[in-house]
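There are 2 protein chains.
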Amino acid sequence: MSDHLTRAEKVLQRINELASVSEDDGCITRTYGTRAFIEGRNKVEQWMKQAGLQTRTDNIGNIRGRLLSGNADAKTFVIASHIDTVINAGKFDGPLGVLAGLDLIEQIIRSKTEIPFHVELIAFCDEEGCRFHTTYLGSKAVAGSFDKQLSDKRDAAGISLGEVIKQNGGDVNNLSKDAIAKEDWLGYFEIHIEQGPVLYERNIPVGVVTAIAAQCRIELIFTGEAGHAGTVPMDMRKDALACAAEFILETEKFAITGKKKLVATIGKLHIINPASNVIPGQVICSLDIRSEDENILSSSCLAIKEMAENICKKRGINLKWGLIQQTKPAICDKGMNKLLVQSIKEAGFDPVELVSGAGHDAVPVSEVSPVAMLFVRCFKGISHNPLEEVELKDIAAAIKVSDNFIQQLVKYKPPVR
Amino acid sequence: MSDHLTRAEKVLQRINELASVSEDDGCITRTYGTRAFIEGRNKVEQWMKQAGLQTRTDNIGNIRGRLLSGNADAKTFVIASHIDTVINAGKFDGPLGVLAGLDLIEQIIRSKTEIPFHVELIAFCDEEGCRFHTTYLGSKAVAGSFDKQLSDKRDAAGISLGEVIKQNGGDVNNLSKDAIAKEDWLGYFEIHIEQGPVLYERNIPVGVVTAIAAQCRIELIFTGEAGHAGTVPMDMRKDALACAAEFILETEKFAITGKKKLVATIGKLHIINPASNVIPGQVICSLDIRSEDENILSSSCLAIKEMAENICKKRGINLKWGLIQQTKPAICDKGMNKLLVQSIKEAGFDPVELVSGAGHDAVPVSEVSPVAMLFVRCFKGISHNPLEEVELKDIAAAIKVSDNFIQQLVKYKPPVR
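As given, the protein sequences belong to chains A and B, one line each in that order.
This note's numbering puts the first sequence at residues 9 to 425.
This note's numbering puts the second sequence at residues 9 to 425.
Rather than coming from a laboratory, the hints here were simulated on the basis of the structure.
Among the hints, a few may not be true.
Just so you know, same-sequence chains aren't split out, so a pair can sit in one copy or run between any two.
[What the hints assert, rightly or not] Pairs of lysine-lysine residues, derived as DSBU-like cross-links and limited to a Cα-Cα distance of at most 30 Å, are as follows:
#1 Lys-313 / Lys-99
#2 Lys-401 / Lys-276
#3 Lys-185 / Lys-346
#4 Lys-276 / Lys-321
#5 Lys-120 / Lys-18
#6 Lys-419 / Lys-51
#7 Lys-322 / Lys-276
#8 Lys-388 / Lys-321
#9 Lys-156 / Lys-313
#10 Lys-161 / Lys-276
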C-alpha cells in the first residue's frame with residue numbers, strides 16, 4: 009500500500025494548498041464566485057493541466073478537465089466533487105473528491121489504461137449554496153437542470169448571481185450549452201467524506217452509498233395561552249412549550265423505533281415573547297425528516313403529523329403544520345455499486361453500505377446519469393467545521409478502492425437504459 | 009347590594025379616568041416617575057383630598073393620605089396598592105386596590121365609624137419595576153427596607169433613579185424618614201385582582217390570600233454535540249434540545265404531581281446556533297418554581313435538579329445548573345385572615361383561600377407588619393394585558409367584604425407581637 013500512501017500524501021498536499029486560499033484569514037471560506045474561489049479554482053485548473061487534461065471553465069464557473077478515449081464516439085464518465093466551501097469550513101468536504109479524482113486520472117494516464125469512455129473531472133463551483141442560498145448551481149448546469157430564474161437571486165451585498173457569472177467571464181444565456189446531454193453520460197462517480205459518524209464508529213475506512221436520502225422540512229406552530237408563571241395552576245395551563253417538548257420527545261422515539269430507516273430533527277425552536285415568568289403562549293419549531301425510502305418518509309410524515317395533532321388536542325393547543333420542502337431520494341446505480349463493493353473487497357476492506365443523509369452534487373446528476381459515491385471516514389463524523397479531519401491511510405484506502413473501481417469499469421458493460 | 013353597586017360604579021369611573029393617563033396613546037402605560045405617572049398621581053391625590061385625607065408625597069414618590077384616629081398614639085393601618093403599570097397594561101392591576109381603598113375610607117368617614125387606629129391610604133409608585141428593573145420601590149421605602157444603592161440604577165435612557173427622585177422633588181437622603189416604624193404598624197390590607205384563573209374558573213368573586221409564594225429562578229445549560237441532521241443516526245446523537253424537552257416534560261409531571269403545592273415553568277428556551285438541518289448542540293433555558301411552602305420549594309428544587317442530572321447522564325449531555333434568585337414566601341396574617349373569611353361569609357360568599365403566585369407590595373411590608381390581601385376575580389385570569397377585566401358586581405362584592413372587614417377590625421384586638 010506504500011504506493012497508495014505516497015499518492016495520498018500528494019492528494020493531501022494539494023488539499024492543504026487549496027485550503028490555504030480563503031476569503032478570510034485564519035479560516036477556510038471559499039464561497040461561490042469570490043476572488044478566493046477563483047484563485048482556488050485556478051490552482052485546480054493548473055493541476056489538471058499538469059496531468060495532461062484538456063481544461064475549460066464553463067459559464068456557471070465549474071472547472072472541467074477531459075481525458076479522451078480512443079473512441080471519439082464514447083460516452084463520458086464524470087468524476088467530480090465541489091471546491092466551494094461553507095463559511096469557516098473544513099478542508100476535505102469537496103476538495104477530497106476533486107483531488108483524489110485527479111489522482112485517479114493521473115493513475116489512468118500513468119498506467120496507460122485504455123479507456124473505452126471519455127473521463128471528465130469536474131470541480132463544481134457551488135454545492136454548499138452559502139452565497140445565494142441555492143445549492144448545486146454547478147452540477148445543475150452540467151446536468152442541464154439549471155433554472156435560469158436563479159440568476160436573479162442576490163447575495164447579502166445585493167449582487168445578483170447573473171452579475172457574478174458575467175463578472176467571472178460567463179454568459180447566463182449559454183449555461184444550457186454546458187450540460188452533458190443525457191445520452192452522453194456513462195456514469196458519475198464522487199468520492200466524499202461521510203460527514204457522519206458511522207464509518208468512524210465502526211472503524212471502517214470507506215463505504216458505498218446506496219442512496220441520498222429524501223427529505224421533508226416542516227414548520228410547526230404551537231399556539232396555547234400565555235400566562236403568569238406564578239398564578240396559573242399547573243392543571244389550568246395551555247403551555248405551548250411543554251406541548252412542543254412532548255412533540256419533540258415523541259418524534260425522537262418514533263425515529264428511533266424506525267430502526268435506522270429514518271432520522272428526524274428539531275433544529276430550531278423559538279418561543280414568542282419569551283420571559284422566565286411567563287408561560288409560553290406560542291412556539292414555532294422546525295422539523296427535518298429524512299429517509300432513503302420515499303414511501304417510509306411520506307408515511308412517517310403523516311404519522312408524525314397525526315401524533316402532533318393528538319398531543320395538541322390532549323393539551324388544548326392549536327397546531328399549524330406547514331410543509332416547507334419535500335425532496336425525492338437519489339438512488340445510486342446498482343450496477344456501479346456492485347463494482348464498488350467488489351473493489352472494496354479486493355482492497356481488503358469490509359464492504360459497508362450507507363445512506364447519505366446529506367445532499368451531494370450526485371442528486372441533480374442522478375436525474376440524467378447513473379451515479380455512484382464512495383464515502384471516506386472522517387474524524388467523529390465532524391464536518392462543516394475546522395475540526396474536519398481525514399487520516400492519510402483512509403485517503404490511501406479510497407485511492408486503492410477507486411483504482412480497482414476504474415479497472416472494473418473499463419471492463420464493465422452497463423445494462424442498456 | 010345596590011349601594012355597593014353605586015360605590016363600585018364610582019370606583020370604576022376613577023379607574024377609567026386614571027387609565028386615560030398614559031405615556032403612550034392607545035394603551036395604558038404609566039411607569040415610575042414619568043410625566044404620565046405624575047399626572048395620574050395628582051389625580052389620585054386630588055381624590056384623596058376631596059375625601060378629606062391629609063395628603064403628602066413622600067421622597068420616593070408614593071402619594072399617601074391619612075385619616076386620623078381620635079387616639080393620637082394609635083397605630084397605623086395601611087390600605088394600599090400601586091398606581092404604576094407595566095407597558096401596555098390593564099387598568100385594574102394596582103389602581104383597583106387604591107381606589108376601592110379610597111372608597112372604603114370614604115365609607116368610614118360617611119358612616120362616622122370611630123376608628124381606634126390611624127388609617128393611611130398609600131398609592132405606591134413602583135411595584136412593577138418596569139423602568140429600573142427593580143420591584144417594590146414604593147413599598148420598600150414605607151417598610152424601611154429601601155437599599156440606597158438602588159438609586160444608582162439607570163433606566164433605558166441612562167437616567168438614574170436618584171436623578172428621577174430629585175427631578176420629582178424627592179431627596180434620596182431622606183428616604184428612610186418616610187418609613188413607618190415597625191412598632192407603628194397595626195396592619196396592612198391590599199385589594200388586588202387575582203391575575204390568575206382560579207376565582208374565574210370556580211365562579212367566585214373574591215378570595216383570601218394565605219401567602220405570597222416563595223420563588224426560585226434557575227438557569228440551565230444543556231451541552232450535547234451539534235451534528236448534521238441528515239448524517240448522524242438517531243442512536244448516536246447527543247441532542248441538547250431533545251434532552252431539554254425530556255426535562256421540561258418531567259418537570260411538568262413533577263409539578264402536577266405536587267398537587268397544587270407547586271408551580272414550575274420553563275418560560276425561556278434558546279438554542280445556540282439554531283438551524284433546521286443541525287442537531288442542537290447547546291440549549292439554555294430558564295426554570296421558575298414557586299410554592300407557598302419554603303420547605304416544599306427547597307426540596308422540589310433539589311428533586312428537579314436530580315431529575316435533570318439523571319436525564320442528562322442517560323443522554324450523555326453536560327448540565328450546568330445555576331441558581332439565579334431565591335425568595336422567601338410572605339405569609340399573610342392568620343388573625344386578619346380570620347376576619348376576612350368572616351367578612352366574606354357575612355357578605356354571602358363562599359370563603360376561598362388562595363396562594364398568590366405573583367409578587368405584591370405586601371411582600372416587603374410583611375417584614376414589618378401583619379398583612380392581608382383580598383383577591384378579586386378577573387376575566388379568565390388575564391392580566392398585564394389590555395384585556396384585563398373586572399366585572400362591576402365583583403368590585404361591589406369586594407367593597408361589601410371590605411366594609412365588613414373594617415367593621416370587624418375596629419373591634420379587633422390583635423395578639424401582642
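Results of checking the hints against the structure:
no.: 1; hint: Lys-313 / Lys-99; result: neither (39 Å within a copy, 42 Å between copies)
no.: 2; hint: Lys-401 / Lys-276; result: neither (38 Å within a copy, 47 Å between copies)
no.: 3; hint: Lys-185 / Lys-346; result: neither (33 Å within a copy, 91 Å between copies)
no.: 4; hint: Lys-276 / Lys-321; result: both (23 Å within a copy, 23 Å between copies)
no.: 5; hint: Lys-120 / Lys-18; result: within (20 Å within a copy, 104 Å between copies)
no.: 6; hint: Lys-419 / Lys-51; result: neither (33 Å within a copy, 98 Å between copies)
no.: 7; hint: Lys-322 / Lys-276; result: both (24 Å within a copy, 23 Å between copies)
no.: 8; hint: Lys-388 / Lys-321; result: between (41 Å within a copy, 20 Å between copies)
no.: 9; hint: Lys-156 / Lys-313; result: neither (35 Å within a copy, 56 Å between copies)
no.: 10; hint: Lys-161 / Lys-276; result: within (25 Å within a copy, 36 Å between copies)
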